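**Q** These are the residues of each chain, in order.
Protein chains: 2
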Amino acid sequence: MKKLINGVDTILTESLDGLVAAHSDILTLGGEHKFVRRKALKPGKVALISGGGSGHEPLHAGLVGAGMLDAACPGQVFTSPTPDQMLAAAEAVDGGAGVLLIVKNYEGDVMNFEMAAEMMAGPVERVLVNDDVAVEDSTYTTGRRGVAGTLVVEKVVGAAAEQGRGLGELKALGDRVNRATRSMGVALTSCTVPAAGKPMFAIGEDEMEFGVGIHGEPGRRRDKLMSADAIAEEICGAIAADFGAIANKPALLFVNGFGATPAMELYLMYNAARRLFEQSGARIVRSLVGNYVTSLDMAGCSITLSLLDDETTRLWDEPVHTAALRW
Amino acid sequence: MKKLINGVDTILTESLDGLVAAHSDILTLGGEHKFVRRKALKPGKVALISGGGSGHEPLHAGLVGAGMLDAACPGQVFTSPTPDQMLAAAEAVDGGAGVLLIVKNYEGDVMNFEMAAEMMAGPVERVLVNDDVAVEDSTYTTGRRGVAGTLVVEKVVGAAAEQGRGLGELKALGDRVNRATRSMGVALTSCTVPAAGKPMFAIGEDEMEFGVGIHGEPGRRRDKLMSADAIAEEICGAIAADFGAIANKPALLFVNGFGATPAMELYLMYNAARRLFEQSGARIVRSLVGNYVTSLDMAGCSITLSLLDDETTRLWDEPVHTAALRW
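First to last, the protein sequences are chains A and B.
Residues are numbered in the numbering used here as their position in the first sequence, beginning at 1, plus a constant of 15.
Residues are numbered in the numbering used here as their position in the second sequence, beginning at 1, plus a constant of 15.
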């Protein structure tokens with residue numbers, strides 16, 4: 016295992032210390048590293064809280080800040096955060112307007128956020144993200160997995176929360192964005208959880224995993240490595256088929272790196288995916304390319320298409336000031 | 016070789032097409048993919064042009080835009096761009112106030128930018144970046160190599176150019192920032208140039224290359240993989256020693272990923288480096304962490320310390336609107 020670390024027990028805390036020190040204008044760390052929160056809270060605003068296993072950075076802590084999340088709870092690598100973390104985060108950032116939890120659909124996350132919600136004092140709602148069209152059920156998931164589309168939900172709902180909208184409206188908006196968002200990924204390599212010390216799965220020198228999950232969960236099938244165009248064709252085809260119809264629809268195209276794939280290849284994949292979606296009649300009006308929802312040191316990427324309307328386009332464009340997303 | 020590509024001959028053009036399509040509000044492509052330029056030029060401004068071999072993305076094309084570069088010339092992977100590309104870029108973006116070339120110190124780049132400068136019609140100056148303290152001469156370089164510190168030069172000089180400063184003043188500023196900036200890197204893996212199809216160098220499962228160049232050039236020595244703290248100690252020590260004195264100096268700390276190292280590890284390295292520089296008395300007043308000056312799919316990172324003064328701090332903080340850097 017080749018990693019820039021001091022020991023497997025301190026990776027998470029040392030990394031969080033670095034994140035908060037590097038972005039001390041934006042972020043503060045909760046006690047015992049339970050959560051990362053927005054330094055300057057906005058009074059009267061619904062608090063947006065997300066979280067999940069670590070290893071997907073910058074999701075979620077790198078997306079805390081004005082116009083996006085109020086707090087993020089990082090679990091150990093590929094392990095759900097505890098209800099205790101979520102409660103501590105809610106106590107720190109809930110200004111009385113209620114709490115909206117944004118939860119990726121994994122059994123551990125769903126269960127722990129549910130337990131935390133039951134213990135919270137004030138009003139609380141939940142948006143469940145399940146944008147991955149690759150498989151119906153998976154290793155850690157009943158139903159579809161929540162993957163890169165989570166960033167889109169967090170950005171759009173974050174902008175709306177910043178405008179002072181109420182909890183019920185934000186929950187409905189989040190559900191709407193989730194329904195309008197579909198993703199699928201491909202892995203060229205496995206990834207190594209530090210505590211395990213070896214790759215999560217074996218994959219041949221000429222193989223790829225189609226529809227892989229962000230924890231290395233199996234996807235649709237193992238296949239021989241194909242060209243970027245052929246990969247994009249299969250992924251974009253699956254997404255378009257799942258939507259049913261995308262012709263004439265304005266959309267955000269988001270090509271997300273899993274952590275070890277160079278920008279050069281991500282932009283090449285963007286180029287291929289854009290051409291294919293446009294051939295299907297979609298209008299790509301917004302774009303995002305980079306490593307945002309990663310799987311440690313996995314090579315590969317996911318493609319996300321999120322259908323936009325006038326309102327969600329405006330909310331996407333609203334200013335955001337986080338460690339990883341800023342405009 | 017596992018890459019998301021269609022063929023080795025079209026990687027660069029397809030990737031540039033994707034970059035410019037994804038950031039069509041910022042970027043335009045020159046004919047025959049000779050350069051990437053800022054879409055909206057600012058009249059009366061000195062034109063800032065950089066470039067170099069591809070494979071270091073987002074450097075340089077991802078740093079074209081308001082407050083930074085006016086154009087970037089991408090060579091083939093790890094290959095200098097041609098004088099012809101630089102001339103075409105200068106013709107496209109020089110509004111009459113002159114051209115400042117920002118050149119990383121590699122023999123091919125230096126020679127080709129020099130030939131281009133001789134053929135340019137208007138006034139032209141050059142800033143040579145050589146921030147890498149690892150070795151004195153290297154595979155493609157006489158003298159020190161230009162590495163991640165290039166981004167700092169481009170940002171600070173870019174902001175000053177945006178304010179309308181003259182060519183001579185910008186050249187002096189760029190030279191000053193270069194002198195105040197030192198870097199050193201470490202590689203945990205090699206990288207694979209697509210056309211070669213195999214790793215540039217062999218490295219053992221338990222080895223690292225100290226002081227590696229951004230083209231996989233040998234550094235100071237090959238060693239057994241050490242802890243993040245021990246690596247940071249050697250790199251930060253080399254940088255501090257090269258400066259002579261950093262006590263009480265305000266500085267920018269920039270931890271740069273080489274392409275395949277997860278954000279979690281980069282922030283952990285940032286945490287280690289910051290502690291060490293602060294122990295040496297430096298005051299870390301600005302920070303940057305991420306993949307900015309990469310080496311294809313290499314795992315590892317570099318650490319850059321750039322000493323700031325009031326003026327360069329203000330220029331670093333000025334707004335920037337590029338694909339990769341935006342605030």
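Be careful, since some hints might not be right.
Identical chains blur together in the list; that is why a pair holds if it fits in one copy or across any two.
As the list claims (entries may be wrong) - No farther apart than 25 Å at their CA atoms in a straight line, the calculated lysine to aspartate or glutamate pairs in the DMTMM-like style are these: (1) Lys54 <-> Asp190; (2) Lys17 <-> Glu248; (3) Lys239 <-> Glu222; (4) Lys17 <-> Glu222; (5) Lys54 <-> Glu293; (6) Lys264 <-> Asp32; (7) Lys213 <-> Asp190; (8) Lys213 <-> Asp244; (9) Lys17 <-> Glu220.
The hints are simulated quantities; they were obtained by calculation from the structure and are not laboratory data.
These numbers come from a predicted model, not from an experiment.
**Q** 25 Å Cα cut-off: does Lys54 pair with Asp190 within a copy, between copies, both or neither?
**A** neither (27 Å within a copy, 37 Å between copies)
**Q** Indicate which option fits the pair Lys17, Glu222 if close means a Cα-Cα distance not exceeding 25 Å: within, between, both or neither.
**A** Result: close both inside a copy and across copies, 22 Å intra and 9 Å inter.
**Q** Using 25 Å as the alpha-carbon threshold, which applies to Lys17 and Glu220: within, between, both, or neither?
**A** Classified as both; 19 Å inside a copy, 8 Å across copies.
**Q** 25 Å Cα cut-off: does Lys239 pair with Glu222 within a copy, between copies, both or neither?
**A** within (4 Å within a copy, 30 Å between copies)
**Q** At most 25 Å between alpha carbons: which applies to Lys264 and Asp32, within, between, both or neither?
**A** between (43 Å within a copy, 23 Å between copies)
**Q** Check Lys213 against Asp190 for me: Cα-Cα at most 25 Å, and say if that holds within a copy, between copies, both or neither.
**A** Result: close neither inside a copy nor across copies, 37 Å intra and 46 Å inter.
**Q** With identical chains treated as interchangeable, where does the CA-CA distance between Lys54 and Glu293 reach 25 Å or less: within a copy, between copies, both, or neither?
**A** between (41 Å within a copy, 23 Å between copies)
**Q** Within a copy, between copies, both or neither: where do Lys213 and Asp244 come within 25 Å Cα-Cα?
**A** Close across copies (22 Å), not inside one copy (31 Å); limit 25 Å.
**Q** Within, between, both or neither: how does the pair Lys17, Glu248 come out at a Cα-Cα threshold of 25 Å?
**A** between (34 Å within a copy, 18 Å between copies)
Of the numbered hints stated above, those contradicted by the structure are hints 1, 7, listed in ascending order.
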